[in-house]
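There are 4 protein chains.
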Amino acid sequence: MKLWDKGVSVDKAVEQFTVGNDYELDKHLVKHDCRASIAHARMLKKMGVLSKEELRKTEAGLQEILELSAKGKFAILPEDEDCHTAIENFLTKKYGEVGKKIHTCRSRNDQVLTALRLYEKEALSDTKKLLCDFQKQLGETATKNSTVPLPGYTHMQKAMPTTVGVWLGSFVHAAADDVLFLNAVAKMIDQNPLGSAASFGVPVFAVDKKMTAKEMGFSRVMENPLHAQMSRGKFEMTIASLLTQIMLDMNHLATDLMLFSMQEFGFVSLPVEFCTGSSIMPQKKNPDVLELARAKYHVVVGEEMKIKGIVGNLMSGYNRDMQLTKEPLMNAFEITKFTLSIMTPVVSGMTVNVEKCKKAMTPELYATEEAYKLVKGDLPFREAYRLVGEKYGGS
Amino acid sequence: MKLWDKGVSVDKAVEQFTVGNDYELDKHLVKHDCRASIAHARMLKKMGVLSKEELRKTEAGLQEILELSAKGKFAILPEDEDCHTAIENFLTKKYGEVGKKIHTCRSRNDQVLTALRLYEKEALSDTKKLLCDFQKQLGETATKNSTVPLPGYTHMQKAMPTTVGVWLGSFVHAAADDVLFLNAVAKMIDQNPLGSAASFGVPVFAVDKKMTAKEMGFSRVMENPLHAQMSRGKFEMTIASLLTQIMLDMNHLATDLMLFSMQEFGFVSLPVEFCTGSSIMPQKKNPDVLELARAKYHVVVGEEMKIKGIVGNLMSGYNRDMQLTKEPLMNAFEITKFTLSIMTPVVSGMTVNVEKCKKAMTPELYATEEAYKLVKGDLPFREAYRLVGEKYGGS
Amino acid sequence: MKLWDKGVSVDKAVEQFTVGNDYELDKHLVKHDCRASIAHARMLKKMGVLSKEELRKTEAGLQEILELSAKGKFAILPEDEDCHTAIENFLTKKYGEVGKKIHTCRSRNDQVLTALRLYEKEALSDTKKLLCDFQKQLGETATKNSTVPLPGYTHMQKAMPTTVGVWLGSFVHAAADDVLFLNAVAKMIDQNPLGSAASFGVPVFAVDKKMTAKEMGFSRVMENPLHAQMSRGKFEMTIASLLTQIMLDMNHLATDLMLFSMQEFGFVSLPVEFCTGSSIMPQKKNPDVLELARAKYHVVVGEEMKIKGIVGNLMSGYNRDMQLTKEPLMNAFEITKFTLSIMTPVVSGMTVNVEKCKKAMTPELYATEEAYKLVKGDLPFREAYRLVGEKYGGS
Amino acid sequence: MKLWDKGVSVDKAVEQFTVGNDYELDKHLVKHDCRASIAHARMLKKMGVLSKEELRKTEAGLQEILELSAKGKFAILPEDEDCHTAIENFLTKKYGEVGKKIHTCRSRNDQVLTALRLYEKEALSDTKKLLCDFQKQLGETATKNSTVPLPGYTHMQKAMPTTVGVWLGSFVHAAADDVLFLNAVAKMIDQNPLGSAASFGVPVFAVDKKMTAKEMGFSRVMENPLHAQMSRGKFEMTIASLLTQIMLDMNHLATDLMLFSMQEFGFVSLPVEFCTGSSIMPQKKNPDVLELARAKYHVVVGEEMKIKGIVGNLMSGYNRDMQLTKEPLMNAFEITKFTLSIMTPVVSGMTVNVEKCKKAMTPELYATEEAYKLVKGDLPFREAYRLVGEKYGGS
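Residue numbers (the numbering used here), protein chains in the order written: chain A, 129 to 523; chain B, 129 to 523; chain C, 129 to 523; chain D, 129 to 523.
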């Protein structure tokens, strides 16, 4: 039974159109909704809406769901619509009245929002951990090869000498920028939206947002209920921007690695277990993992775009459109986390081919150095540049 | 067993990262791959690679898969990677040698491409049918209400009088533009890519692309194998543009319907079975279907963007990145078809509230008409405009 | 004086915010607006709104503007807002009454729309010509080098042998697909929107859309005025999709050329006049033109996205938002035309380094051929594949 | 003369294609480049490359340019390519040798990057100021109308009672989120890239990045030169994400204001000086400023997308593609700043129509309140919900 089912028969297709794959996505939200529901129930107890015994039952029920869910045994069926209804139905069925009371002083709108924010906080924390692991591994591989020479390219042309250490080290610094951004996003979203109800707060009852914030680990409270609701999609699009930023580093590293492992360069060799073969060409060893890491940057950008498109031109207050920001957000998180976790062993497993690197250090890479030595000998730079330029001809 | 499995143990995570959800998406491709494989097998027979008996067996096997698949009983497991391997494995297991021969003279690259193009041709045809149904229903509802007056708005302000017939009729014409575009896209992609192999054609054997084209119903052949491969993603992005164009009409109609069914307008009432309730507000009747139709335009735009991002900056020849264009394309098709199919009954079921429409025809809507009557009486337009403007209060 | 100026003082900033750079963009529209205005004036004459003498004066005035504009001497000032007002003001100032009458039976909305569609028709025709020139040049260079061998790459790894002829030829075929799409778009937009006025047609007077269509060279008429208005942005987004498709070919060709002209490949040399130097490195010869051609694909995608974002969630009838689709459209056209015109001489001027191409034809490129020879000798493909695979070292 | 001009005649079209409108955009960069060049010159003096007298001359020259530029009198011509060359040419022409020396120990790549980062720091600071002004004004208008009742809408349907104070207050909170994000971005980009040269640092000489950082007011130094170069585009895309976030608030406020000022609502009236008229309809008062503010959100999203597309799939080291991230970034800044500055007086000038707001407070808005009163009287929520739902029927 749907929460809003008041007897009108609703066409099956409408159900499928509106529910979409929420019932699948929501497996990510069950534990967060339980956590939020426990906080909410405790507040209802304090407010006198639930008795001590009712709270005990509610907590026991939610605890049971948490345990089932951890074992992958809490099913959300299409007819449940989403995890929130599945949870309420479970409680009502097994614990009676308390299931009917738990929804007092909240709306599905703020319930979803709260569970999502808890999910996001956890997913950001997971992402940060994976990003730091990746950064650490990069640092180790960079250090190990810090003095191996490498041609530096600009405009895809040999430019000046550099080292494998500088090259890989640049990604260590890039990851540090990402961590900084991640911390800021984590701080921005760390606000309790519970109590905003449908978008305009809870009438009659005085909800205690600070209490639920404390229970759930939010450091601030969203005082204005409409602000809370309109942060839906907006915070998500900014999280997606962060994930895009992280994925750009993956894209750049994958691009470099694919180029540098081409037969024509040979600077690095990829770990064989990260490559695949061809169905027609027996000799192939293809860097599929890297190609997909490169492409997934664009997938995350597309997810970000969905969110940015969906939330535009909407009037204040909840709009169902916002529901469709959930999937792109979750997809962006899953992709980013998976890509980080797979690029780390790529970096640890790759081999730097020192001889090939050395052989690639051809004379024109040192042209700027030559010019600068003339400058040191007191020629103005523009004249030294012209002199050396003539020597390397074609240029 | 993977096609490219030559003994190297491949990390489970790599498998999951590279396979992704292809094994799920490919349920859409099974029948198309079978059809293409039958065409391919017949050509192999003609070339002498398969004997008459081997062709019979192959066709029987593929027919069996087609029937299993139609009943939803042909499983593609994650360890199969995709439908193409699942099909080859099924043949080999049940029919022996022939399974090992069917892949002669093709690569998974052109095999996937061919199945995709057959899928696209069918999906375009389905979309066209749904679009024409929608257009027909719109035409009927427009005709039925052709003389009901309606305020015409510009800049979201009452502008000039119009009718429900003109308003809904505008979407009939819009759909006609879409059909024109759809036909062009269908024509553009109607080219047989089979025989392009990995990207560079088939060595040693002379494949007969015209024969397979005829078998599969393509009207032209892709002569250049690299052209065939590089059309991957490119044709898909243009199909996505078409779907975006169609979805824009859905977005606009949904936007109008939601506005005109607000209590403040009341021009139309939505069929109750397309609305849902609220978990907190007992009085609500929400146009969720329309909100989602509006939002899904942006989702399709996001899918289009993914494809456009993925295919940029790639060198010629197959790149694994291209695999990731499959999901956005299929998703865009599914969304568009579903939205069309649900908007048709919305249009047939909606009620035009004639009295409310009439009541909304306030005098300022006729200001231009007044001015034009003065013009007819020989006043230059700019002076008539000024006179009437003053009457309606400078606004 | 603004057309809508009825004495209210409008803040300078508002003017700048609303006018934007329309007065600059509109230099592209002057001739098209004049052409449309002549057609409109002739219809007004036929309707009796203009006398024969007034028509003569109007035509003389518009002809004068056409000539001034062709010489770059018809100025549109920020205070004119746009070319339409500049033209009307010019007529009124120099020819008196007729300037005040020309706006009868039309609105700025359909006036802009008509001029835009004429601009688009011309720009599409220009684009087609440039695309065909490019295609022709590609064909010539491909033919000249048709037998030069070239490694074919998949997954950025050497895969199978191909030729420069096949490689460049693939772009000839790609351009043919683009022409097909271009023709369809040209057909879709070839509809006369004049007479749709503000969005709801012209009251009192019966405008003759067929007459103006014939005068302006449109092959069809937009019967429904709201359809005409709502095609604004929609047709433009589809034109932008076409331009994106064309630019993708430029992006791919530039990507290939940059890679193949790296020192590590050396398959082609770029014409020196299309390269630039470095301010610090005296030896550099950078393929800036190609880098920019590659990047401009993404710029056009961004312009397309602007249009697709702007037109979403808008209610039927003109919305000022639509004005902002003009700049991205024009920018996309300018970029595409310029890129086509500069890539043509790049293709004609590039040198194929036959020796380097030959030297790159290493044995593993022929592995598939070897396997296929075994197949011809009656080994099932999968076994031949395994045998040859072992020879080339499992890789 | 171009910096890289070494005698090769470069086709005029190539110049136009590569320079684009940099020479126009760079008027925003002149002062920042001068500031960076002064810092650089002081370091060169400390390193002994410039004498005391040469430094004096250089500083005088740069000071002169700063003053000319402040008066709008420092011209950058197309043949200069960009402001950096224009500045160097000016110095060389007027001060001789020193102009030729200033480019020692830097490349145009890090020179542009440094000027851009200084520009961005200033533009972020300007944006923050405008955002805070906007927030302050919103707060005042919210407070002034804090108790005026307003229907709260969800799903574009009347939902629950709220107030003008809550509605406008929600944007005050939203702006606070933006400030938080802005501060984080400002911190992320506050790193000195000067000394990274072409992408691989400066050979022979030991540049003092800390000294120039201090001179220019950067709080940190980019130690890794390749990190510095690859932050180009990446930092810019994240700045664009921030601007998109801010513009979303503008979009939402504009959407609300346009809806609430429709005749059918009448909750607010817009200041007349922010509206425009129609060329055909004498009675119109159109909210063009708001329509454009709404649309400009999508324009900024498009600019963001350009950057995100351009930087993908690029190998490490400077690529000319990066140049094309400059215009979208600057455009996004200009749009955001202008929109903020025009929305502030819209908020201060708008009128809340108290009577119309009160009249709109129809009974169904209080349905949830009724249900909650029953809950307080001890009915479980789901039963109270059903009872009240029946009363309001249609729901």
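Think of the hints as simulated: they come from the structure by calculation, not from any bench. Be aware that a few hints might be false.
Label pairs and their computed distance ranges (CB to CB) [to be verified]:
| no. | chain 1 | residue 1 | chain 2 | residue 2 | range |
| --- | --- | --- | --- | --- | --- |
| 1 | D | 253 | C | 155 | 48 to 56 angstroms |
| 2 | B | 257 | C | 144 | 44 to 52 angstroms |
| 3 | C | 200 | B | 506 | 36 to 44 angstroms |
| 4 | D | 272 | C | 181 | 54 to 62 angstroms |
| 5 | D | 260 | B | 518 | 40 to 48 angstroms |
| 6 | A | 391 | D | 332 | 33 to 41 angstroms |
| 7 | D | 139 | C | 143 | 35 to 43 angstroms |
| 8 | A | 487 | C | 200 | 54 to 62 angstroms |
| 9 | B | 222 | C | 469 | 55 to 63 angstroms |
All C-beta atoms in this analysis are idealised placements derived from N, C-alpha and C, irrespective of residue type, glycine included.
Quick rundown of the hints versus the structure:
no. : hint                              : in the structure
1   : 253/D - 155/C: 48 to 56 angstroms : violated, 36 angstroms
2   : 257/B - 144/C: 44 to 52 angstroms : holds, 50 angstroms
3   : 200/C - 506/B: 36 to 44 angstroms : holds, 39 angstroms
4   : 272/D - 181/C: 54 to 62 angstroms : holds, 60 angstroms
5   : 260/D - 518/B: 40 to 48 angstroms : holds, 42 angstroms
6   : 391/A - 332/D: 33 to 41 angstroms : holds, 34 angstroms
7   : 139/D - 143/C: 35 to 43 angstroms : holds, 41 angstroms
8   : 487/A - 200/C: 54 to 62 angstroms : holds, 57 angstroms
9   : 222/B - 469/C: 55 to 63 angstroms : holds, 58 angstroms
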